[in-house]
Structures are given as structure tokens and as C-alpha cells.
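Colleague: As given, the protein sequences belong to chains U and H, one line each in that order.
Take 1 as the starting number for the first sequence in the numbering used here and just add one per residue.
Take 1001 as the starting number for the second sequence in the numbering used here and just add one per residue.
In case anyone wonders, no lab produced these hints; they're calculated from the structure.
Even glycine gets a Cβ: it sits at the ideal position worked out from N, Cα and C.
Take these hints with a grain of salt, some might be off.
What the hints assert, rightly or not - Simulated DEER-style distance windows between Cβ atoms:
# : chain 1 : residue 1 : chain 2 : residue 2 : range
1 : H       : P1570     : U       : M39       : 28 to 36 Å
2 : H       : R1539     : U       : D119      : 25 to 33 Å
3 : H       : D1108     : U       : K53       : 25 to 33 Å
4 : H       : G1593     : U       : E67       : 27 to 35 Å
5 : H       : P1478     : U       : E67       : 48 to 56 Å
6 : H       : G1593     : U       : P65       : 54 to 62 Å
7 : U       : R169      : H       : Q1572     : 33 to 41 Å
Claimed, not checked - Calculated pairs, DSSO-like style, for lysine-lysine (alpha carbon to alpha carbon, straight line, at most 30 Å):
#  : chain 1 : residue 1 : chain 2 : residue 2
8  : U       : K124      : H       : K1452
9  : U       : K5        : H       : K1310
10 : U       : K538      : U       : K519
11 : H       : K1389     : H       : K1605
12 : U       : K37       : H       : K1310
As the list claims (entries may be wrong) - Sample of chain U residues at the chain H side, in silico, Cβ under 8 Å:
#  : residue
13 : K3
14 : G43
15 : L89
16 : L90
17 : A92
18 : P95
19 : D166
20 : R170
21 : F172
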Amino acid sequence: MIKIKINDRDIEAKEGTTILEAARAAGERIPTLCHIKDMFPSGACRMCVVEVKGRPALIPSCAYPVEPGLEIKTNSQRVITARRMIVQLLLASHPFDCLTCTKNGFCELQSLASEYGIDRVPFKGATRHHYTDFSSPSICREPDKCILCGRCVRICEEVQGVSAIDFTRRGFNTMVLPAFEMDLSETACVNCGQCVLACPTGALHEVRVIEKVMQVLQEGKKHVVVQAAPAIRVSLGDFFDLPAGSNVTGKVASALRRMGFKKVFDTDFSADLTIMEEGTELVHRIQEKGKLPLFTSCCPAWIKFAEINFPELLPNISTCKSPQEMLGATIKTYYAQKEGIDPKDVYVVSVMPCTAKKYEALRPELSSNGMVDVDAVVTTRQFARLIQLYGIDFKTLPEESFDAPFSTSTGSGDIFAASGGVMESALRSAYHLITGKDLAKLEFEDARGFQGVKEATVNIDGLELKIAIVNRLANARAIAELVRDGKSPYHFIEVMACPGGCAGGGGQIFGYEPERIQKRIQALYQIDKTRDVRLSYKNKPVMDLYKDFFEKPGSHKAHELLHTGYNPRTTKE
Amino acid sequence: MSGIFIGMGTCGLATGAGKVKTAVEKWAQAHSMKLPITPTGCIGYCQVEPIMDVVTDGGVRVSYSNVTPEVADFILDETLVCKNYKLDGILGQFRGPKSPLPGVPFLDEHPYFKKQVKYVLRNCGVINPESLSDYKAAGGFQGLEKALGMGQQKTADEVLKSGLRGRGGAGFPTGKKWAMALANPSDKKYLICNADEGDPGAFMDRSILEGDVFSVLEGMMIAGFAIGADEGIVYCRAEYPLAIERLIMGIDMLRKEGILGKKVGKSGFQFDIRIKKGAGAFVCGEETALMASVEGRRGMPRPRPPFPAKSGLFGKPTIINNVETLANVSHIMREGAEKFASIGTATSKGTKVFALTGKVKNTGLVEVPMGMTLREVIFDIGGGIPNGKAYKAVQIGGPSGGCIPTEHLDIQIDYETLKTVGAIMGSGGLVVMDEDTCMVDVAHFFLDFITKESCGKCIPCREGTKRLYEIVESIVSPYSKMASEEENLLRFNKIMNMEELAQVIKDTSLCALGQTAPNPVLSTLRFFKKEYEAHIYDRKCPAHQCKGLLKYEIDTNVCTGCTACARKCPTQAIVGERKKAHYIVDEKCVRCGTCADVCRFGAVKVS
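Looking at chain H on its own, in the form it has when it is part of the complex (with noise of 0.2 Å):
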């Protein structure tokens, strides 16, 4: 029996999977058939949303890619009617049971997914996430069931023995900090689920919520059940609207099926769990300051010891667990251990995801095993840089991480590797940098972040980093003619402090937030030092990204005196007669670059 399914997460939502879905219904009015429609989660790939898979009378998935709804129109057409499926836009057939279909190209063998292991994020885009039986045809709850027949110290130890890791970016041990709560003798336990990712580009945790909530929930259950926990907070940002739905929607379903709330089986176990919106600080990512804003509290963090395994929220034992964390250990309480601490490599084990996105050819979400190189994921997944460019860096880690260069592209993702030039495993932003990326500029974007979001308790993260910050923000700007001898010689003894500045911050700050804070601009001082020196001793930008340091100018001999530069001009800065040549005031400029763009004869040059 022939259906659809539609990835309908935020990203194909973005770009009219709402559409689409309406086409498709009415098509099959149209059609008097009767056309199920499964809504998923995302699959990953969000370039080519919205995705839309057929499946034929003969039961097989087939995957089509861009689909608007006058192309939902025509692959129904061609692939219901006319049985011809390879079409354009055509990502490929699931490997199912049913026979496939021939000459059609498979899924897992397409570019993108080739070199993907799906471990985590096996259901996301495939299941409909808002069915439980659909999870528990998946093997769902069968991890819990297993969990529960094992006991709490027994489940602790297969996690510990499986090598996971805190996927929220400091890569602790899951095993190791639950036994730690376990141990830890109270009335009251809680677990807590950190959904409040923040850093810019990454959105693996709203995609596993979106697309796999049961995978989290379940998650939550079984490590409540080993630390001895019988409330659940999931402290989602309220930024991602769809995931809270999914998530009450979760909850709902699971109490009403008596798996929430209520004694579990035989086992004596009951857990409940509840939501917390974040209002969307950064900083509340932090454990401390996450469980401060649970209590009512302004979200600071405070030091650790004690540890929220010892003394947490409300001062009772808590495990804060991360949102991709949790939905992998439902699978490897499922799976054992083993299968898990198969793939990845000796400290670092299973699979990592990532947001790939910038300048890459293929944006998404992408699942590696931890081991694979950067070069992988950015040139066999992503696809490489478009339009020709040039690779410069790719940041990792979020504004906490580093940028890395051309010459270590071959470094393996893992915890420890990672270190060692500077960045940091992270969440999972990936973010592509080409050529026409200025690395200066990029340290000024995330130190404004940081500046921004840092809670303002400890010292060297508030006055620090905002220091910091002036003393990038000095090296974009442009030398001023109106500023005395004196401002320019600070400008100079500012950017001598700058290094020991930011390891000071990096030394003394309360939390990770501060602490990696300097990152940025410590891991572009490293691998792209001669930029930094254009633009302190030169005042150039080399990759013409830095507005400041930029200046136009006319080629008299190409400028045909059109004067089309100086009528669109916001600043009047153009001046010239007709049919002459034409020239910029600088004083007057503000460097918008309306006038290269509106040139049809390529006279304004950029330097």
C-alpha cells in the first residue's frame, strides 16, 4: 500500500513542507485515493528541503529532494501513476524488507549519507515522531525494559562500559557521573535533560526532539532509574517551539500509557517528567546556572565542588545529562555496550553529530563516527566549499571553540585529538569558513556574543572578555585622522596585552563559558597570526571583510561617467560629471559598497 512521508521538522517547515503536504492531499482527492501522510522529523539533509518520501505499491521508500508542491504534483504523477521513479531531485530507495526497486540508487549510498553512521538519529526523518507504536515498532522502550531487568548498578556499569560520553561538549562520562549520583544516598533525586543549546549554528539536540522525542524520553527514564531519580526536567529553550510540542506531546502520550507517572511493570520504578523553558540566556547551558534557573533563580552559575551529583537542584543529587546523550543510551541499553564501543575510536567512542553549515556545499546534520577526519566530513559529506573557493578554517566547538586551518584538516574528531590544536569537541557546530572569510572578523563575532551572553557574575568573563572585545573591535577599525597620538599609542599597548588578557580569562574564570571564552581569538591568533598583523600594522583587511579597513576607489580610466554609482550613493560620498570620470571622498564614504555592486563597468575597486 502506497503513502508519503514528508520531513516536516523546522527546516522543512522553513521552506514549505506545510505547502507541500496540502498539495499532496489534494492531489489525492484529486486522484480519489487514499494517500496516508506521515509527517517526520528531519533526515538531515536540510539543503535540499523539503524532502518527500513515496512509498510504491510494493512497500519500497523511495526519497525526493526539493520538493515544492508543483513537484510533489509531478513525482506523484510520474511514481503512483506511471510507476518511473528515478526523477529528477531523486535522493534514493530505504533499505527495507521488500525487494528494491531496480535501477534506482540507494539512500545510504548517496554522497551525503555514504560515509554516515546512523546510530543516534537512525529514526529522524524516518519515523513518525509523534507515534509511539511507530517508536516501539523501532525496538523503543525495549532499552528501558532491559535497564529495569538489570538493576541501577548493572545499567550504570553497561553505559560506563560502553564509553559514552557527555555529547554537550566537556565529554564526560555518562557511566562515571551516574554511578557517582547512584552512590550518593538521598530521599530525592533528580535528571535533568539540558536542552537549551545555544551556540550559534548548531541545532543537533532541536533535530533529535523534533524527529526521535521518545529516543530522549526514554533516555531519561532509564538514567533516572539508574541514579534513583524520580523527576525528570527537560530545560528546553523556548526558541524551539516545535520541539516543546513534541516534547508535552511525549510526555502526554507516555502517561497516558501508564509508562510515566506510574509504576513501571513490576520494577517499583516511576518516574515522571517535566518541562522548564529557558528564556534564552547562553550561560543557562552551564549545569549551575541551568539549575539555578529551574529553582526561580537568575541563571549564575556558582563553583563547583560540590558537584550536582552530590548537591544540585534544590540541593538534592542531580545529573544534568545532554539531550544526544540521552536518546544514545536508550539505543545502547537496546543494542549493549558493545555495538556501541565498536565504532569510534579508543577514548572516544560511538557517533559524533554534527551541524554542518557556512560555506559548504551540503548544510545539515550529519552523524560520523568519532575518528573520522575533518576532511571527510567537510569535502565527502558536505561536499566541499561552492563556487570555486578556497577551504580557510572550519570553527568547531561554538564560540567556546577554535578555528582550524587547512594544514590539520586531517586531525581526527575525538575528545582528545581535538585539544590539541586548540579546539574543542563542543556540541557539534561545524561551521565552514572559505576564503573571503576574514579570521579577525570572526573572533570580533564571537567575542560579541560572548560579551553579550556572559551572566556578568565573575570578573574576567564580564570586564575581560568585553576588554578583549574592545581590543578586536580597535584592530577593525579604521585609523582615525581625528585621533590624537596618545589613542593610537593605546590602541597599540591595548593589542600587546591582548594574549596575556585572554589567558588570564582563560585561567581565572568561573565557569566554562569564560573559560573558553578567549578561544576564538587564541585559536585565530595561532593558525592566522599574519592577519592579524595586516590589519594591526597594515590596517588591511586581506579578505576585504572588515569594513572599517576597506577603501573604494574609481579607475579613472575605466569609469565611463555613467553616474550611477554617485545617484545610488547613500552619502552623496561620489562626485563627477557626466560622462567623466568619477570620484569617492573617503571622509564621506561609509564603506556600504552599493557603488561596486550598481557599477556595470567593474571601475570601483575594493583594497
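So that you can see chain U by itself, here it is in the shape it has in the complex (with noise of 0.2 Å):
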């Protein structure tokens, strides 16, 4: 421990943390726009500035170690004064919109005037302007809003390895955009939502359906019908302030019965779904020597991500459908003839933590006689939002369950939002699926945690499968290198793009804060363990539908509407 002193407080901090981190850890707040916890510090924001006895200039706290014997002011009148200015400075170029922002109530900046009492900017003067991109169907970009502090861009390259925006320009003019400053839609950019999640002002946020929603709700003129992802239940309660993880499964479906939805039902049981199909897939692959590792399909920004980077290594993603769209076709082929609806007059919402849904929806290979499997998706964000139009009162909500038939879950489907979630509920079935029995110990550890590698042997009846389970599209990258190089020694690869899994998915409540998506990667470990029933094929409901539609996994029916391909992909050059 290092002795220090700030604002006249003994302090002690541990070695190697910052300025930044040991003044948080003693309760004295120091505001930030640019930092991300546990990054390499941008320093380019200059909020966290601190002043220490000795140096003449102000110190960057976020990127100063402490070192013994300083001595820290973080509120001294020069500091203030500093802070102040900065925040003026960004507001003299930052459209004065914010009743009519995206982001209004949840901006970054909006609260920093407000904390600093911005009273008024004295520098009025040129401002930067680039158009508003609606290009991607998943995110839409205002750069007028933007205040360059570069988490986006970090976010991209860093953690995700897809570097789709970038700053551009130099001095005033710069901006943060696509190379070239192209739109969005024509980069490689895979859809997936964590610069929204990082951006603190409106510069970014993902393509509102909500008003569409509302609209064809309101006219009822179709069968309209909702799934909301198994991530949901667990993020959904920080929008009103229920403690990280809080499970809100029964609040979920009542607030989406209370809409006025004729149907609510639970991707988990889709998830179940794939499970069947998937782990056939997989004992099949092996069995029959065909194309492995396997990668998993759940995760559409990295099915994007694979037809931009890898086209050679498509034959090895499984061609399972995700979850979402697995429901969606479900419903409107096996489920509308069961209720006896024109399938065409059924409309499939989905509630997604994601905002590559959104482009998953959208791609024609996931449509079936000419329809698509889902009309429209909303964020977690965008479902709170719904709830507040609506005038739901989300705390004395009551909580109710799913509507059958597409009700009944089991723990393997919940933890389908969780890193690793996948791959053990692909394995608790493949193991039934290649011996015939249930397996003793159902939690697979090494498979678990918030890490963005993790790697384990499983021993099946003698057979040693290998597995690898990523998340974060940085690691995947270096993961599908090593296949592609043949120096994989993997059978079987999970991989999700957020981090964390879609616990921590571009269309959850804002912010990026690994301890609460921790938090909720626990509770639905939680949800699972309480579980009757923590196996798919156990899934009564599931087995019904294989009985009186599908047949059997992987069959020639299952294929058609629960399976697909893909397509290698261009950027505009």
C-alpha cells in the first residue's frame, strides 16, 4: 500500500492504481468522458485533471500512478475552474437540443453542466456538422453530438477488433466517422452496438422501432406477438433502479401482456430449440468426420463479422438459426396454423439485448415463403422506454408468465445470455445425445466467467472434445486466425461479440460496467440452478413440437425453416 494525501486525507492505495482509481476507492468523485475501466487511459477528455503539490501543470488522474508522498487536491478552485471550462467548451459546439435528444435524461455531458452549473457559454462560435447517418439498420450515428472522446472508436478496435470508425480529420474539424467517411452501412462494421453502449451523448444510438411497434399495436389489424431474449429478465431492472441482476422475468411479461400484445412468449424456448438442433449438428459433425471445429450461429454480429473476415471459415459455423429467428419461423409456420392465422397477418416483435438483431431480422437468407421470420426488434433500452409510454408502473407491476405454447423453458435456455451459456447447455445435450444418459454434474465451471477466453476439455464416454468459448470479437478474431491456419486443436467454438455475452449486448441499458454484467451473468447461473428442469431435451413442450412438426432434430422440415447459410461479404472499398 502507498501512502498518499488527498484533499488533506491520508489515503492509503494500493500499488499500481491510478490517481483516478485511488481517489474513487476513497469516496472522492472525479468526473470522467473519456475513461474506460480497465483500458489503456486516453487522457484526451482532461475532466479527471487533479492538481498535485509540485507539478506545475494539472494531472491527468486517469493516467497517473500514485506514487508516495503525493499530495492530491481534486476540488481545488484550479481545478474546478479547469473542469468548467472544458465542459463550456463542449457545449460551444454541441447542438443545444437536448429536450428533443435521444439520449435526454441519460447524456454524460448534459449531467456534467449540470453538476458544474453551467450557467451559460461564453464561446459561442463555428461548429462542426456532418450529416446524420441512417445507413445501418442497427445504429444510427448523429456526429454533430459527438464530443470526440473516443470510446467508440477504443471499443471498436480494442474489444471488438472491427476498427469501423475511426477520428478523421485534423484540429477543430476533427470527427469521428468511417474511413473515407462513408457511411456506416457500407464499413465493416458488424452491427453490434458496444459503441452505443460506450458513447455518453446521443452521437450514437441504435434505429428506433418503437413508434412502428406502437403503430401496428394500435391497429390491430394483424396478430401481433412478442419473445423477449433471455437477457432481458436480467438487465431490464437497472433502467428503474432495481439493484445490477435483479430477475425480472414475471415483470417482463406482464408489462408486454399489458401492451397489448395477444401473445407473449420466451425466446428460452427457442433456445431449447437450438440446443436440439445444434448439438445434433455437432454429434453429427463428429460422427460422420465432417467439417470441425464448429463454430455456434447465436450471435449474428459475429456471423457478420465471419462473412467480412473469414469467408473460408463459413463451412464451419453451424447452421443453426439463432433463437430469435428459430422462434419467429416457428410461430409463423407451426403456430399460425395451429391458431388457424393467415401467416402473413402475424407481426413477430422481439425484445433483444442486441442491436444486430435488428440487421439479423433484415437479412433475406432468414425469411420463409417470402416472409420474414421477425418484423421488427426492440433493445432492452427501447422496451424500458415502451414501458414508460405506456404509463406501466414497472415497480408495483405483478409478475405472470409466458403464453404457451412457447412458455416452458429450461435452465439450459437461460443461460443462452451468458458467455459459455451455450456451449454448456449444447454440451449438457450432446452428451445425452451421444451416450443416452443425463449427466451427474450439469455445471460446466471452466465454461463460465466474464473473461474473454476460455478454453476446457470435456471427456464424453472417451471421447475428448475440445472446446473454446470467446467473447469480445478482438479474441474471436485471433481464435478464427488460428483456424483458418489450421492450428486449432479445437471441436467446438462459442463465440458471442459483446462481452460478457448478451448480458453485456450493444442493446442493453447504457453504460459500459463489467462488475454489472457480472452481476447479471450471476443471476442467471441463478435462475438456472433453481430450475426444475435444466435440461432441453427434457423441454416437454419442445418435444411435443418435434412430435407434431418438426419430426426429429435435424430433419428435412427442421432444416428448411430452422436452419440456415451464409454468404461471404464485401465492404465498399
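Put the complex together from the two separate chains, hints included.
Modeller: Right, here's the structure in full:
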């Protein structure tokens, strides 16, 4: 421990920490705009400056390690003047449309302006302008609102390894744009939405579809049904100030029902369906000496990433559609048939923790008989806004359950939202498929956790199965390169684009906070643990669905409706 | 045996040294004489380029200035045929082993050179920069040999003992920097030579690279050896084609010679150098931005610590030294630390090269011992202000530096003293200004430069310097009758915030570019506040430079009605009948000054 002084208080700080971390641990608030926890400091925003005795200039606390005997002032007049000036400078080139901004109430710049009591902006002058980019089906960019903190750039480059956006131009005219000022849809952007989570202002946000959903609901011409993804139930509570990781499954169902959806389905159901298909595919590939390793296919951002960067690996990716699309396809065929509704009149909305799902729903490969499997995708954030709009008091909302026939799920479906969850569920079922027995211990501890790359060897009746689980696409790139170069020892690889899996998805409540994501993951495993049924092949309605409709996993009909294909993709160059 | 030397640096070539060379070749052919021509770099007296030296039969080298092809013919006729050396434009004879020519002045007694101490520039303009044997004959690579014999620690110690401080601007002790990198074990270390000289009006590094490239390469090898690096990179701006050509050639020759790329002698030291061309961003002179650029990323600085000596290029320990620093190292290692340390002041040792430009009689590259006063540099070496004008200020340290007025002309040039008057040593730009210079306009110019060259990363520099520029812009803009009361109030409001804004930019910016960006404003405000006040309150520019604040009027008593001005006025702002007094319509006038230029009677008055 290192002894330092902060605001005349004696503090013991951990060695190797920065002044910012030490001060925050000691209960001092230091504002930041460009700081991202656990990443190399950028030093761009200068909001975190502090005064250090003996130093002529102010010191950025985010980048400066603690040294014995440092005497630090985090709130001296000089520091406050500097911070106020920085906020004023940002506001001077910022459009003043806070009341109509999508980020109104959640904007970090807005709260800093309020905290620092900015009552006027003394510097009016030139502004930067770039048109709003609506080209992407998932992410909308408003560069005029960008404060150039660079969080999106670093996330896109360092976490996701995509680098779709970067700083362009120089000096005051600097902007964050795709290369050559292209539109986002022309770049290698995989629609993951991590940039949206990272953005402190309204410069990056998802494409809104709640108006469209409300219109369809109000008109009443269509049979509007909804499905909610596993990750929603452990993250929605954040918006309503519940502790991180609160399980609000019942409230999700009742809120959706109050909005007027005819049926409220659980995507967990189709997660089990996915496991049946994917587990069968895996066993088939192993037994028939098919293409290995097998990559999972639940994550649309990963699929797009592979199509752009690793076209040679597309045969290695499972042909299974994602749970969202599987349920959509099943609703528009099996459910419509069963209910006697023309599938054309069925409108499927899904609530997803993801912006890439918006793009996935539009993939031409993911439609049957000329109908898209899913009609509209609402993110967790937009769902929360809808709850507000409909005047639903979330706190007093009763807990209800999902609607049959797609209501029952197993623990295997729940953990889909955590990185490693798909792998764990698939292994539980694969064991059964190979041996015909149930696993004695269902938990695969090696598959769990927030870290970017996990690997393990699983023994199924003498069959040594080497598995890898990666989240964050930069890690996926490294693993995919191994596979491409023929150096991969693995049989089965799960890939999720977002940190921690869907729990940290780009459509979740704002803010990139690893602790919050970990709490959500813990909550998911807790749900799994308390379930009576934890194995996909023991989900009775799923088995009934096979009996009534799909015959068996991997059948011709299943292939027609539940599987898909991939195509190499180029970006504009 | 006689011969010819021609200064063929960029400055020489720009003034026609190439043509002089052709003329000399023709002359030799016509006279059937074998006359070897040796191209050299710039000797520093750029004002009088092209410079040609004639070596007499007796082996004495005499230097002549302002040589055109015709003058060259004349000089060759006179010197080599008539043995007449005292000609117009003579600079003087070099001192050498041969007996001097009687009655011919010595070059080092020429007023421009008399007070200079040529330490690092000793070879520039003297030897052929493209000849390795010439460099070796001048003592080249003895420094490296000594260093290899002394070992790493002792080499770093020797440089530390010499008191050499970084010549790039900040003045960090070079030996100390090396010791930090040496003490940091790693499988790979880098040595970078920073040749991204971007200050407006500065060309010290270019001249050294053009005129004595081997001293820089040798310095890099010594530095690389001292810190334990095996790879050197020269980061040179692409706008220096001749310097890059010399670097390529020099590296090539050293590789062929087995000095680069192979183990040198018995020492086991192996080093290679490559060139990375900078694309013209000023900020890439900042070391962390420079490294980002070498790595292939956008040239933006990052916070320090970690310092490059610990984690630099590609995360490996890296030392970045400036061209002049490294050139000094070669000489220090050869001649020993004591000789270098005997020059200069207590804290600033050795010499400093300055690019003397602006309103001064002799422009060029000067090398002076630390501790010389600014007055000596500007008036004794520079010859003072031309056209009988008065001295006003000197801008030292480039866009990050400050303006020093008459009352501080007698301060010493060293790292510490310059700081006391709000300036910095910088890399060596020295721009002299006379009474016709408007100091607000100077601040305006440098801020314009900074706002364009800011990398855009940190808020105070990106947003702050732009606002500061806009404030100064509003100060030099005309009073507009169209502007509302509110706008005028806003102008005043902004001006009231100017100093605080400048202070915050200085206090909080990420890199040196931003931290020093307000210096031109702060230093002119400090010494020339009255000029600002005249601009702000009276809306007048005392030096008659800020176009927006000028008013052109015709003195009706003097005007003859010749209509010359009315015909030339680009905006038809001048009205009047022939042979009667003319008038200027102020609203139409764009302050181009054409009327004043064409009036033969001095009737156009500027106020």
C-alpha cells in the first residue's frame, strides 16, 4: 500500500493504481468522459485533472499512477475552473437540442453541465457538421453531437477488433467517422452496438422502431406477438433503479401483455430448440467426420464478422438459425397453422439485448415463403422506454408468466445470455445424444466467467472434446485465425461478440460497466440452478413440437425452417 | 591542386547553385582544366547563397557569395587565371594547414561568422556530405569507436557528464534519458531520430541532414549502442526530399561498408537504421504521436507515464532524440565531454543552432554558444534590422514560444532564462520582427497554425485553441455596423474570458503542443498589452497590419484627380471626376492597398 494525501486526507492506495482509482476508492468523485475501466487511459477529455503539489500543470488522474507522498487536490479552485471551462468548451460546439435528443436524461455531458453549474456558454463560434447517418439498420450516428471522447473508437478497435470508425480530419474539424467518410452500412461494422453503449452523448444510438411497433399494436389489424430474450430479464431492472442483476422475468411478461401483445412468448423456448438442433449437428459432424471445429451461430454480429473477415470459415459455422429467428419461423408456421391464422397476418416483435438482431431480422436468408421470420426488434432500452410511454408502473407490476405453447423453458435456455452458456447447454445435450445418459454434474465451471477466452477439454464417454469459448470479437479474430491457419486444437467454439455475452449486449441499458454485466451473468446461473428442468431435451413442449411438426432434430423440415446459410461479404472499398 | 566547392543544400539549390555548377563545368571545359567540383551542404549564410569556394593552386580555400553563372565565370577568371582573390562578394579564406593568402580576410572573421561557435555544424558547408571518406577524414566514426570501447554505461555517463540537453525543445538531459532506457531490460529496444521539424521558419535539422548526414547516423549508432537497441528509425518529414535522399544514401553506404546491419568489429554490436517518412502533421514531432505514426496509427499523443524509455514503440523501451542532439553526440564522444561542457552556461552546455529569419539583415543558420545574448545574435550576427526600421520583438521557439521585446534583448539564451520571460528554447526558430509588425497579428498567425495542426484529441487544445483563435480574430476584425448590440457584447464577453481560457488550455492540455499553444497570445499580451487595447477599444491597428482595422482615405488637398486609383480599384470603391479630388467609399473598400500603391502623389492615407 502507498500512502498519499487526497484533499488533506491521508489515504492508503494500492500500488499500481492510478490517482483516479485511488481517489474513487476513497470516496472522492472525479468526473471522466473518455475513461473506460480496465483499458489503457486515453487522456483525451481532461475532465479528471487534479492538482498535485509540486507539479506546474494539472495532472490527468486517469493516467497517473500513485506515488508515495503525493499530495492531491481533486477539488481546488484551479481544478474546478478547468473542468468548468472544459464543459463550456464542449457545449460551445454542441447542438443545443437536449430536449429532443434520444439521450435526454441519460447524457453524461448533460449531467456534467448540471453538476458544474454551467449557466452560460461564453464562447459561441464555429461548429462541426456532418449529416446524420441512418444507413445502418441498427445504429444511427449523429456526428454533430459527438464530443470526440473516443470511447466508441477504442471499443470498436480494441474490444471488437472491427475498427469501423476512427478519428478523421485534424484540429477543430476532427470527427469520428468511418474511413473515407463512408456511411456505416458500407463499412465492416458488425452492428454489435458496443459503441452505442460506450457513447456518453446522443451521437450514437440505435435505430428506433418503437413508433412502428406502437402503430401496429394500435391498428389491431395484425396478430401481434412478442418474444423476449433471456438477457432481458436480468438487465431491464437497471433502468428502473433495481440492483444490478435483479431477476424481473415475471414483470417482463406482464409489461408486454399490458402493452397489448396477443401472445407473450419466451425466447428461452427456442434456445432449447437451438440446442436440440445444434447439439445434433455437433454430434453428427463428429460422428460423420464433418467440418470441424464447429462455431456457434447464435450471435448475428459474429456471423457478419465471419462473413466479412473469414469467408473461408463459413462452412465451419453451425447452420442453425439464432433462437430469435427459430422462434419467429416457428410462430409463422407451426403456431399460425395451429391457431388458424394466415401467417401473413402474424407480426412478430422481439425484445433483444442487441442491436445486431435488428440487422439479423432483415437478412434475406432469414425468411420463409417470402415472409421475414421476425418483423421488428426492440432493444432492452427501447423496451424500457415503451414501458414508460405506456404509463406502466414497473415497481408495482405483478409477475406473470409467458404464454403457451412457447412458454416453458429450461435452465439450459436461460444461460444462453451468458458467454459460455450456449456451450454449456449444448454439452449437456450432446452428452445425452452420444451416451443416452444424463450428466451427473450439469455445471461446466470452465465455461463460465467474464474473461474473453475460456477453453477446456470435456470427456464424453472416452471422447475427448476440446472446446473454446470466446467473447469480444477481437478475441474471436485471434481464435478464427488459428482455425484458418489449421492450428486450432478445438472441436467446438462458442463465439459471442459482446463482453460477457448477451448480458453485456449492445442493446442493453447504457453504460459499459463490467461489474454490472457480471452481476447479470450471476443472476442467469442462479435462475438455471433453481429450475426443475435444466436440460433442453427434457423440455416437454419442445419435444411435443418435434412430435407434432418438426419430426426430429435435423429433419428435412427442421432444415427448411430452423437452419440457414452464409455468404462471403465485402465492404465498400 | 585547385578545385571548387559549391553549397548545394536546399537553400543553395533554390537560389541557383545548380546553374552555377553547370557554369563552372563549362568554364573548366573551355579552359581545358581539370577542376573537381565538390557539392557541400549549407554553411549557414543563406542570405547570400549561392556560395562558391575556390581552392587555389596553393590549397587555400576562398569563399564567395551571391554567385550567379556570370559571376562564377568572372570569379574563376580572376582567381584561377589572374590570381586575384580580393573580389566583390568575397566572404573570406578558410583557415588551414597551408599558408594563408596575404591581404585576404579570414572567413571566421567575417561579421556573420565571428561570434559563432561551430561545434555541431562544423562540417556543414565544408565537407562533401555524400563522401564517407571525407567524413572519416574529418574524424568521423572515432566517436563510435570510443563508445564501443567504453561500454554502454560509460557512454551514457559520458554524455551525461557533457551536460547535453535535448535540442528538440524540452531540454531533458540526454544522458539521463539513455540511462533510463539502459536500466530497463528488454528483448528489443528502439532508437528514434526525430527529424520531423515542423516549426514555421525553422530549418536546423534539415541543414544538418543535408550537410552532415553521417554525424547524425553516427550519433544514432552511439545512442543505440548506449541503450542496447538494435534498430534505429529516422522519422523525417516528407517535405525534406534532399535530406531523405542523403539519409538513404548514407545508410546505404554504411551498410556496404559493414558499419550498419552487421556486427561492428569485435564488439558484437549490431545496429540497423530505417527511414519513416512523416506525412506533414506538426503534432508528429511530439514523441508519443511520432511513435503512433511509426506504428501505422493516427498520429495522436498519449498520456505519459509510461514514458517511452519504459514502454515506447510497439511497447518496447524507446529513446527519441532530435537530429541536432544526435549530431552533437558524435562530436562529444570523439572529443570528450569536457570540451563540450566548457562551452555554454552552468546549466545549458554547448552550442545551439538557430534559424535566424524575419526582419533581419542576415538570415541563415547560426550556431552560438549557450549564454550569448539575444542582442548579440540579432544585431552582431544578424546585422540588425534592415531599412532603418526599429526592432520590436523576436519570436523564439516556434508556435509554442514567446515574443521577446526590446527590454529583454540582453537576456542570455539558455533553457532557464528564456522561461523567465515566457518563452522557450524550442527547437531553434528565431523570427525577428520590426516596428511594422503587429503583435496581435502575430498571435493570430500562430493560433491559426496551431488550430490547424492540433491533432483533435484532447478537448482544451481542439476546442480551446479554436475559441482562442476566434477571440483574436474578433479583435482584428472591423467594427461592423451590421452586427447587433448583442454580437458586440459577445465579442467583449469573449475577450474578457481570453486570458482565463488561455490559462486553462496551458494547464490541462494533453501534450506539449496544447500546453504551449496559448504562449503566443500570453507572451504578446504580457509585453504588448497596449497594442491589444488599441485593437479592442479604438479598433485601430497601430502597426497598420490588421487589414480589417485599416481605413483608406484620399487627402483631397493632395489628390490631382488623375484617376489612376479609381481605374485600379478592384471593387470600384473610388469615385470622383477627372482632375477633381477623389473619394473612397468605405463600405466598398476591401483594404487591398492598391490605391496607395498606384498613387504617385501620396494622396492615399492609411489610418
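Colleague: Broken hints, numbered, in rising order?
Modeller: Structure breaks hints 1, 3, 4, 13 and 18.
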